[in-house]
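Asker: Turn these sequences into a full structure, and let the hints steer you where they fit.
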Amino acid sequence: MEKKVIATEKSPAAIGPYSQAIEVNGMIYTSGVIGVDPKTGVAGETIEEQTTRVFENLKGLLEDAGSSLDQAIKTTVFIKNMDDFGKVNEIYASYFHGAFPARSCVEVARLPKDLLIEVEVIALKD
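The number in the numbering used here is simply the position in the sequence shown, starting from 1, with 28 added.
Everything labelled a hint here was simulated from the structure, so no lab data went into it.
Remember, it's a predicted structure, so these values are computed and weren't measured experimentally.
Be a bit skeptical, because a hint or two may be false.
Said to hold, decoys possible - Derived DMTMM-like pairs (lysine to aspartate or glutamate); straight-line CA-CA distance at most 20 Å: (1) Lys67 x Glu77; (2) Lys141 x Glu84; (3) Lys141 x Glu30.
Claimed, not checked - Label pairs and their calculated CB-CB ranges: (4) Leu152 x Ala35: 17 to 23 Å; (5) Glu37 x Gly60: 14 to 20 Å; (6) Gly69 x Phe128: 29 to 35 Å; (7) Lys153 x Ala42: 29 to 35 Å.
All C-beta atoms, glycine included, are put in the ideal place defined by N, C-alpha and C.
Answerer: Now the structure itself:
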């Protein structure tokens, strides 16, 4: 079993000792992705802005790994405030076509850079 490190400029660089994603046996495992613009290092202020940026970042990361959001089989969503669940769902749904992946969503006390959302994905390689 060989693992391949995935790195891209289409998603924020790792801010610690971890990889943006790892490929193993035709599966892509992403680290948690936050809503920071990879070009500017700036995050939006609202849950809508950050959620949209998270999924744009994930989209770019998965594309560079040879996959896509449509190949996602499991996501984990970490949100700072469960009251944002409906807003997150609306944006989340717009990024998937066909069957939605399995998902967990949990409210957390704090996220990196004090952001409002972080998402990780497990996807099949195309």
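Asker: Next, verify each hint and record whether it holds.
Answerer: Evaluated hints:
no.: 1; hint: Lys67 x Glu77; verdict: 16 Å, holds
no.: 2; hint: Lys141 x Glu84; verdict: 18 Å, holds
no.: 3; hint: Lys141 x Glu30; verdict: 33 Å, violated
no.: 4; hint: Leu152 x Ala35: 17 to 23 Å; verdict: 20 Å, holds
no.: 5; hint: Glu37 x Gly60: 14 to 20 Å; verdict: 18 Å, holds
no.: 6; hint: Gly69 x Phe128: 29 to 35 Å; verdict: 31 Å, holds
no.: 7; hint: Lys153 x Ala42: 29 to 35 Å; verdict: 21 Å, violated
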